[in-house]
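Asks: Listed below, chain by chain, are the residues.
There are 2 protein chains.
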Amino acid sequence: MQNRKVVLYISMSLDGFIATKDDDLSWLSVVEKEGLDYGYANMMERCDTYIVGSRTYTVVLGLTGGDFPQANMFDCYVITQKEIPSTNGITFYNGDLKTLIQSLRSKNGKDIYCDGGSQIVKLLMDDNLIDEYIISVIPIFLGEGIRLFKGSSLQTSLKLLNSEKFETGLVQLHYERIINQ
Amino acid sequence: MQNRKVVLYISMSLDGFIATKDDDLSWLSVVEKEGLDYGYANMMERCDTYIVGSRTYTVVLGLTGGDFPQANMFDCYVITQKEIPSTNGITFYNGDLKTLIQSLRSKNGKDIYCDGGSQIVKLLMDDNLIDEYIISVIPIFLGEGIRLFKGSSLQTSLKLLNSEKFETGLVQLHYERIINQ
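One line per chain: the protein sequences are A and P, in this order.
When you read off a place in the first sequence, starting at 1, and then add 356, the result is the number in this note's numbering.
When you read off a place in the second sequence, starting at 1, and then add 356, the result is the number in this note's numbering.
These are computed hints drawn from the structure, not numbers from a lab.
There's no promise every hint is true.
One copy or two, either will do: identical chains are not told apart, so a pair holds if it fits within one copy or between any two.
Unchecked claim - In silico lysine-lysine, DSS-like type, Cα no more than 25 Å apart, as pairs:
(1) K454 - K361
(2) K389 - K515
(3) K515 - K377
(4) K521 - K377
(5) K377 - K478
(6) K506 - K377
(7) K438 - K521
(8) K377 - K463
(9) K515 - K438
(10) K389 - K463
(11) K361 - K377
(12) K506 - K478
(13) K361 - K463
(14) K389 - K454
(15) K466 - K506
(16) K506 - K389
(17) K506 - K361
In isolation and in its complexed conformation, chain A is listed as follows (with noise of 0.2 Å):
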């Protein structure tokens, strides 16, 4: 097995929304800044996989007007209940998400990219998959919306890693799961 490290990162309200109810991102603008890009450089050169739920991948696409930009920059996996051919570089997979994580730590390769959405996150979360979050906080309460945290039965105790406040009002925040003995 590998030491292929999952890696959550992703944006969040500072009351636990990652999106409106109608998927909107535009509320991410207040943080946007030229030249910051949230350690975001360092993610591209730390992975090789991305993974994303297809809502988001959905989402995505409607901003980029059909392109996934990803797709450039790793070897994607949109989780879909779907079957869907796989095409430019993404693979489209309905199977189980452990398995898949399973497999990807079988074999060589950098770090991976989880992206979202909520759903994903919880199936991750549920079965302990995810190893690292780093979670970029926004300084705005959307009061609605899709949380980020779902919910579960398991209680986690985190490592802080690292937290850092940017000029844009954005704070990072960077754990690591500590592995229960």
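Assemble chain P onto chain A, guided by the hints.
Replies: Leaving out everything else, chain P in the frame of chain A:
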């Protein structure tokens, strides 16, 4: 109108809970360390008034064996739906929360410390009555419990005033509400 600010000063797990389902707070012990008060002394200095919901009040009484230490430090208001005579420096208030805040702000005094719980936070947020948020993020996923932010129809912009990380893994986020023009 005096410029007395309402300050929410509270801890939450990274997944946004302030207590487990059965009001357990023992998970907060992971950040207890001698010499670290996470700004509590500063809250005692800047505030002279304390507001808390009746459920949180009851939890504190259970932890202390019937004592309510805040009553020795602040002018205390316990928000309740019952009619309870005031006692030992604690006012049991069953009126409208907005009226209470307006009444406090009309008098001279220091800032107002809100200690939760989530029902009081929601009522205050729905009327834009919280001026500052000091949130200590505890390095743990509780998975389930009582959410700090129950949801609201309001979207609120925040300004990050500070973010501080501690050796225990606690990160304290400090925001002020941006007043819409």
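Asks: Could you tell me which of the hints above the structure violates, numbers in ascending order?
Replies: The structure breaks hints 4, 7, 8, 9, 10, 11, 14, 15 and 16; every other hint is satisfied.
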